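Chemist: Please work from the sequences and hints to get the whole structure.
Top to bottom, those sequences are chains A and B. Counting with the working numbering, you get residues 3 to 386 for the letters of the first sequence. Counting with the working numbering, you get residues 3 to 386 for the letters of the second sequence.
Hint data in this document are derived by calculation from the structure and do not stem from the laboratory. None of the values given here were measured: they were computed from a predicted structure. Be aware that one or more of the hints could be misleading.
Copies of the same chain are indistinguishable here, so a pair counts whether it falls within one copy or spans any two.
Taking lysine-lysine pairs in the DSSO-like style, the calculated list, with each CA pair at most 30 Å apart, reads [said to hold, decoys possible]:
(1) 9 x 128
(2) 128 x 287
(3) 128 x 246
(4) 315 x 112
(5) 11 x 81
(6) 287 x 87
(7) 315 x 81
There are 2 protein chains.
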Amino acid sequence: MSIEPAKFKIIARDAGSQARTSLLDTPHGQVHTPVFCPVGTTGTVKGILPDRLVELGCSLILANTYHLLLRPGIDVIEKIGGLHKLMAWNGPILTDSGGYQVFSLSPLTKITDASLEFASHVDGQKIRLDPAIATRIQNRLGSDIAMCLDHCPQYPCDSGQLSEAVERTILWAAECKNAHDNPSQMLFGIVQGGTDPALRKRCAEKIIEIDFDGYAIGGLGLGEGHTNMIGTLAATTPLLPVGKPRYLMGVGTPADIIAAVRLGIDIFDCVLPTRNGRNAYAFTKEGPLRLRNTAYTTDTAPIEAGCDCCCCKNFSRAAIRHYFNVGEMLGPILLSIHNIRFYQRLMTEIRSLIAENRFASWADKQMPIYYSLYNSSEGLSKKD
Amino acid sequence: MSIEPAKFKIIARDAGSQARTSLLDTPHGQVHTPVFCPVGTTGTVKGILPDRLVELGCSLILANTYHLLLRPGIDVIEKIGGLHKLMAWNGPILTDSGGYQVFSLSPLTKITDASLEFASHVDGQKIRLDPAIATRIQNRLGSDIAMCLDHCPQYPCDSGQLSEAVERTILWAAECKNAHDNPSQMLFGIVQGGTDPALRKRCAEKIIEIDFDGYAIGGLGLGEGHTNMIGTLAATTPLLPVGKPRYLMGVGTPADIIAAVRLGIDIFDCVLPTRNGRNAYAFTKEGPLRLRNTAYTTDTAPIEAGCDCCCCKNFSRAAIRHYFNVGEMLGPILLSIHNIRFYQRLMTEIRSLIAENRFASWADKQMPIYYSLYNSSEGLSKKD
Chain A
3 MSIEPAKFKI
13 IARDAGSQAR
23 TSLLDTPHGQ
33 VHTPVFCPVG
43 TTGTVKGILP
53 DRLVELGCSL
63 ILANTYHLLL
73 RPGIDVIEKI
83 GGLHKLMAWN
93 GPILTDSGGY
103 QVFSLSPLTK
113 ITDASLEFAS
123 HVDGQKIRLD
133 PAIATRIQNR
143 LGSDIAMCLD
153 HCPQYPCDSG
163 QLSEAVERTI
173 LWAAECKNAH
183 DNPSQMLFGI
193 VQGGTDPALR
203 KRCAEKIIEI
213 DFDGYAIGGL
223 GLGEGHTNMI
233 GTLAATTPLL
243 PVGKPRYLMG
253 VGTPADIIAA
263 VRLGIDIFDC
273 VLPTRNGRNA
283 YAFTKEGPLR
293 LRNTAYTTDT
303 APIEAGCDCC
313 CCKNFSRAAI
323 RHYFNVGEML
333 GPILLSIHNI
343 RFYQRLMTEI
353 RSLIAENRFA
363 SWADKQMPIY
373 YSLYNSSEGL
383 SKKD
Chain B
3 MSIEPAKFKI
13 IARDAGSQAR
23 TSLLDTPHGQ
33 VHTPVFCPVG
43 TTGTVKGILP
53 DRLVELGCSL
63 ILANTYHLLL
73 RPGIDVIEKI
83 GGLHKLMAWN
93 GPILTDSGGY
103 QVFSLSPLTK
113 ITDASLEFAS
123 HVDGQKIRLD
133 PAIATRIQNR
143 LGSDIAMCLD
153 HCPQYPCDSG
163 QLSEAVERTI
173 LWAAECKNAH
183 DNPSQMLFGI
193 VQGGTDPALR
203 KRCAEKIIEI
213 DFDGYAIGGL
223 GLGEGHTNMI
233 GTLAATTPLL
243 PVGKPRYLMG
253 VGTPADIIAA
263 VRLGIDIFDC
273 VLPTRNGRNA
283 YAFTKEGPLR
293 LRNTAYTTDT
303 APIEAGCDCC
313 CCKNFSRAAI
323 RHYFNVGEML
333 GPILLSIHNI
343 RFYQRLMTEI
353 RSLIAENRFA
363 SWADKQMPIY
373 YSLYNSSEGL
383 SKKD
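Modeler: Shown next as structure tokens:
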């Protein structure tokens with residue numbers, strides 16, 4: 003295995019937009035962008051074995067440092083040979099810093115410029131994270147891409163809080179960069195600033211000054227809505243270096259992704275396909291299906307006509323409805339499989355369209371369709 | 003697809019025992035016996051997709067008529083094209099009659115020579131089964147092997163109850179035979195009689211007189227213990243026609259299976275590998291592992307050295323212990339996969355040994371080893 007850091011090479015650019023395809027070369031393999039990462043919260047994409055993830059077209063998986071820190075713990079993961087060994091996933095892994103989950107799962111958080119202190123949501127144990135610790139943890143996990151510890155405030159928050167979060171994110175980014183000590187791992191900086199273009203600009207400039215292997219846009223997809231998200235992206239993405247990968251964290255619906263690719267985003271992660279799949283919600287090009295509905299009791303059609311996943315090729319809606327109805331694991335498993343494949347098919351289509359210079363006109367037509375199908379949809383939850 | 007009924011052909015006999023290998027030809031494919039069927043209670047082997055079952059070496063799957071009758075219901079299954087379609091399993095399926103689950107899951111059962119009446123354990127709905135109904139249900143499910151409705155009393159029970167159950171089983175078998183109306187489906191008769199050799203003899207003779215495509219031995223593995231089970235089998239199996247398949251229902255541990263193969267049994271089903279897998283219990287040649295144990299926290303070994311399943315080839319004990327510890331589906335899934343493969347490897351080994359005329363001497367050595375590893379083991383539950 004190479005200890006060379008990942009390399010990023012732009013392959014094609016779309017003439018009608020900022021969209022691009024690229025090859026991201028990591029110690030665990032190549033990633034074609036734009037890419038969607040399923041979320042492997044505690045060291046597994048829930049219910050899906052790694053060989054199936056490969057079959058579904060997944061190339062990059064996200065794992066949550068917060069969850070892994072609590073259980074099984076970093077010492078354990080290091081002892082057994084790292085995160086790839088734990089997950090039995092030999093492809094590229096991206097880890098977050100843990101900060102986001104601290105904010106969203108641990109109400110007892112105490113935050114200062116020095117550190118985050120929180121109580122484990124599992125057993126109440128007091129834990130302290132700071133930029134150096136969060137970075138060193140990811141160094142030890144051995145992920146291919148590590149993220150800086152940032153301060154992601156809730157949405158909405160007042161401008162004072164937002165500004166404080168931006169300054170702390172900048173401060174911490176420098177400390178993460180200093181602490182980073184794994185030559186085969188990329189480290190990405192994160193731009194915060196809510197929906198405030200001025201704060202985004204300040205944060206982007208300062209983070210870029212520190213110089214990272216890639217840049218993420220955090221603090222979106224938190225309830226600000228598609229229009230605010232895209233407006234913020236339109237103001238922020240042009241500030242980022244063209245030659246480095248760009249990652250929109252925790253986003254999103256198909257329309258969100260199409261709009262963000264258009265603005266030059268390369269990497270996405272989101273719990274939507276898996277979380278919703280476990281809750282009997284299926285993504286299709288015709289719109290969502292809710293498989294607990296009795297309407298599907300004797301429906302012999304696949305979840306989505308033409309889908310090549312092992313769920314659609316073999317199982318009827320009736321069977322999946324039955325599995326959810328009786329509480330069989332196969333219901334959540336099959337819809338997670340289909341939804342991940344739906345997202346991967348979308349990304350494959352997007353990459354082809356960019357390569358063929360046809361992305362912008364396709365996006366003009368498809369974005370509003372997907373928007374009306376999914377961005378107004380109930381039942382979309384981002385918690386995994 | 004052929005509408006020929008299944009055909010049974012003995013391929014090899016072991017010189018030192020009654021063990022034999024055979025080829026059972028069904029409308030959905032061939033089954034090499036001795037065979038172990040995993041249990042697909044409600045139309046799925048819990049958590050495992052059909053392609054994985056094939057990869058694990060499964061050729062015949064059992065589904066429970068009782069559960070399917072309650073949900074999704076026989077009308078639904080028929081409307082969507084039968085049980086194979088529901089399960090997305092194109093191989094052979096064996097269905098039970100539903101009787102056993104009525105006795106074990108429905109305390110409100112009223113039983114007469116005419117019928118079984120019970121309240122659904124799901125919603126309390128009153129349901130009536132009789133031999134003709136149970137047979138017609140299986141005809142409509144379209145399984146490859148259907149079972150007669152029998153009366154399986156609890157163990158222990160008094161001799162009057164046991165005798166009554168035998169007489170009712172004989173009476174019902176004739177009615178099942180009369181009602182059976184699916185030319186592409188085998189129908190097996192069932193011999194009851196507890197551990198009483200005289201009752202077993204009477205039941206076997208009467209059931210054979212009716213003439214079935216195969217014969218099952220029911221009412222064992224209910225707590226009578228290995229010695230009583232094998233004693234009963236030794237008295238009963240020689241009464242069954244040599245040229246028809248023999249099925250020992252709901253059994254058992256590796257030692258039970260080896261001993262029963264020795265006495266000429268061809269087909270087995272049991273929830274042990276899946277049920278125990280879901281409860282963090284792994285079968286290995288060295289004895290059981292209980293994966294919740296902290297001893298495995300940093301154990302990088304596979305569940306069983308040398309096992310070729312996708313669990314053992316990829317995942318460490320540490321990872322599986324972690325998945326059980328955090329409640330990830332992958333824990334139950336991976337151990338179900340390994341345990342099914344463990345059973346299938348055992349059956350493959352048994353078939354090879356019989357073919358090579360080396361089974362009896364191997365069984366002499368292995369049976370006591372497996373007996374001490376598993377028949378005294380706690381944590382083995384037969385409920386699925």
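Chemist: Give a verdict on every hint.
Modeler: Verification of the hints:
1. Taking the shortest Cα distances, residue 9 and residue 128 never come within 30 Å of each other, neither inside one copy (38 Å) nor across copies (66 Å).
2. Proximity of residue 128 to residue 287 under the C-alpha cut-off of 30 Å is found in neither arrangement, the shortest distances being 45 Å within a copy and 43 Å between copies.
3. Taking the shortest alpha-carbon separations for residue 128 and residue 246, neither the intra-copy value of 37 Å nor the inter-copy value of 67 Å comes in at or below 30 Å.
4. With identical chains, the CA atoms of residue 315 and residue 112 are never at most 30 Å apart, being 50 Å at best within one copy and 43 Å at best between copies.
5. Proximity of residue 11 to residue 81 under the C-alpha cut-off of 30 Å is found in neither arrangement, the shortest distances being 34 Å within a copy and 53 Å between copies.
6. Proximity of residue 287 and residue 87 under a CA criterion of 30 Å is satisfied inter-copy only: 25 Å between copies versus 36 Å inside one chain copy.
7. Within a single copy, residue 315 and residue 81 get their C-alpha atoms only as close as 41 Å, which misses the 30 Å cut-off; across copies the closest is 19 Å, which meets it.
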